[in-house]
Structure formats: structure tokens, C-alpha cells
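Be aware that the sequence shown starts at 1326, since it is given in the numbering used here, and climbs by one per residue.
Treat the hints as calculated values from the structure; they're not laboratory data.
Treat the hints with caution; some may be incorrect.
Cβ-Cβ distance ranges computed for the label pairs, FRET-style [said to hold, decoys possible]: (1) Val1600 <-> Arg1559: 15 to 25 Å; (2) Ser1566 <-> Tyr1592: 41 to 51 Å; (3) Ser1545 <-> Val1600: 27 to 37 Å; (4) Gln1508 <-> Lys1420: 13 to 23 Å; (5) Trp1615 <-> Met1544: 20 to 30 Å; (6) Val1600 <-> Gly1429: 49 to 59 Å.
Yeah, the Cβ is synthetic: ideal placement off N, Cα and C, and Gly gets one too.
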Amino acid sequence: MELTNLSFLNESFNNRKVVGAVASKSNSKQFNGSLLHDFEVLIIVVCRQDMEEEIIEHRMDISNTHIQVIYIDRELMENYAVSGQQRRIVEQFIKGEVIWDTDGEIQRLRSQFIEMAGHLAERRVFREFSLFLTLYVEARYHMQNGQTMDAYHCIFQALQHWAKLELCERGIYPESAIWQQVQKHKLDVYKLYEQLAFSMETMDQRVELVLLACEFSVMSKMQECSAVLFRVLRSRRQPWSIEELIQHPELSHVGNALSTVVRKLVYRSLISETVTWTPQPGGEREIRYWII
1326 MELTNLSFLN ESFNNRKVVG AVASKSNSKQ FNGSLLHDFE VLIIVVCRQD MEEEIIEHRM
1386 DISNTHIQVI YIDRELMENY AVSGQQRRIV EQFIKGEVIW DTDGEIQRLR SQFIEMAGHL
1446 AERRVFREFS LFLTLYVEAR YHMQNGQTMD AYHCIFQALQ HWAKLELCER GIYPESAIWQ
1506 QVQKHKLDVY KLYEQLAFSM ETMDQRVELV LLACEFSVMS KMQECSAVLF RVLRSRRQPW
1566 SIEELIQHPE LSHVGNALST VVRKLVYRSL ISETVTWTPQ PGGEREIRYW II
């Protein structure tokens, strides 16, 4: 990739503790996604600067090339890969050309994302399972109340998280075009997607059928997918409040969906609950969680 007069990056490298940079170039003048729309080049600069969000600059080099530059903290980039947020940034980071790499850090980080291995995959799997479970519960609630369209919407979203979960378990990073990716790898969840979207049965029948499949999957995957939660619960002797768990660095990417998972694990006797002896101002006592 030929880029000219990118001297502005040298200044950024000095000021923002840059780890490295990746560039992507648009192949045509046509629309090419939100990140490259109306830009010939996208440059993602990974830094160590404790930034809570990306910094964006628009530049033009001496050949009148329109360039969008996104500065992003390394930890934030990793959090995006774990949480599934800002998928296009992560995808372009994976697929782009490395134009700067300090001590091979960019290549190592990209390899972690591509292979979805180890601790990174474990956290991503737990997030996708948590969202899958939460949406399944919502869909079941809507069906019980005769709200078929809302149930359909929730179960379709649940299937998307199930699909991402299946990919992560196989060491594959989930991309934006999730169903095309799932079809390519011939995962069984694609059959449920087809059943829900294209079956000639009534909508009630389609939703109920997929709900049954989801229920079986929830039961079979619950313990394995919750490994990171079990490890946190075992990391100290004292029981944990739900607030402590939600705020824990290993679990914070799951958000409020963690509450649903915890209660389901209690119901299945995979974790235990206990009650504090000290009453709160209103007289109630706090529920805490632990593993025997």
C-alpha cells in the first residue's frame, strides 16, 4: 500500500505511546462500510494512553488521498474483541496491512483475535452465552404472554449470539456477516436460522421449535461456557455480591446479563447463594454467591 507524506503519524507516535498501526485501502469509489465511506484509506493506530474511546482525525496527503485515522488504546481494542463492540474496527484491524509494529506487538494482538484462543476466547464465549441466555429467557416470557412478534425478535437475536458462541468455541473470530460465516463453516445453528426465517410453519410454531432447541443448548453449554465466572468465584473465600461480580474486570464486559446467568446457575445448583447476617437500613439482607 503506497501512502505518502504521513509525517503527522510520527508526531502521534511520540505523543501517544503508539504500539503500531494498521492501514486499509478502499478498492473502489463505491460505498465500503461506515469506516471507509468517502475515504480512500483507513489507518488504525493502537496506543497505550488509557483512552476510554477512540480519537478520530481526517487527513489528506500530498496526493489528495482522503485518510481517516482512528487512535485507540490497546486495552480498549482488546475489550472490543471480547465484547463484540465496534466489530468493523476490529475486522479492519485484523484484515489491514501492518505499517508500523513496535516489537511485534500488533502481530501478536492480531493473532490472538484471529485464533480466538485462550483467555480472550473464554471471556468472549461467556459474554455470548450470557446474551444468548438472557434473550432466550426474554423470548420465553413473550411467548407465555402471547407476544409472538416480540418473542420472534428476541429469539432471532439469541440465535445470533449462539452462532457467535459456536464460532468462538472453534477458534474463529465472529465477523459482521455472521450468517454467511456460519453457513461457510457448516454449523448446526444455521439450520435453526433457516427454520426460524424461512419455514412454512406458523410463526408460533417456528418460535416454539427454536425455543426448544435453545433450551437444550442452554442446559448443555451452561457449565462449560461459565468457566470464567467460576474462576472469579473461586478466587477468594468470601462470597460475592452481584454488584462486585458485574464490576469485576474479568466479567464487566458481560454487563447486567450476568445477573440472569448467576440466577440460572443457582437454580441448576452449579453455584450457591448465601445471605449476609448484617441487615441493610431497610431490614433486608444481601444475597451473595460462592462455590462450595
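Comparing the hints with the structure gives:
Checked against the given bound of 15 to 25 Å, the beta carbons of Val1600 and Arg1559, roughly 20 Å apart, stay inside it. Checked against the given bound of 41 to 51 Å, the beta carbons of Ser1566 and Tyr1592, roughly 19 Å apart, lie outside it. Distance hint check for Ser1545 and Val1600: the Cβ-Cβ separation is about 31 Å, which falls inside the suggested range of 27 to 37 Å. One distance hint, 13 to 23 Å for the beta-carbon pair Gln1508 and Lys1420, holds here, with the actual separation near 20 Å.
Checking the proposed 20 to 30 Å range against Trp1615 and Met1544 shows it holds: the Cβ atoms sit about 22 Å from each other. Between Val1600 and Gly1429 the beta carbon distance is about 51 Å. The supplied range of 49 to 59 Å therefore holds.
The earlier numbered hint that this structure contradicts is number 2, and it is the only one.
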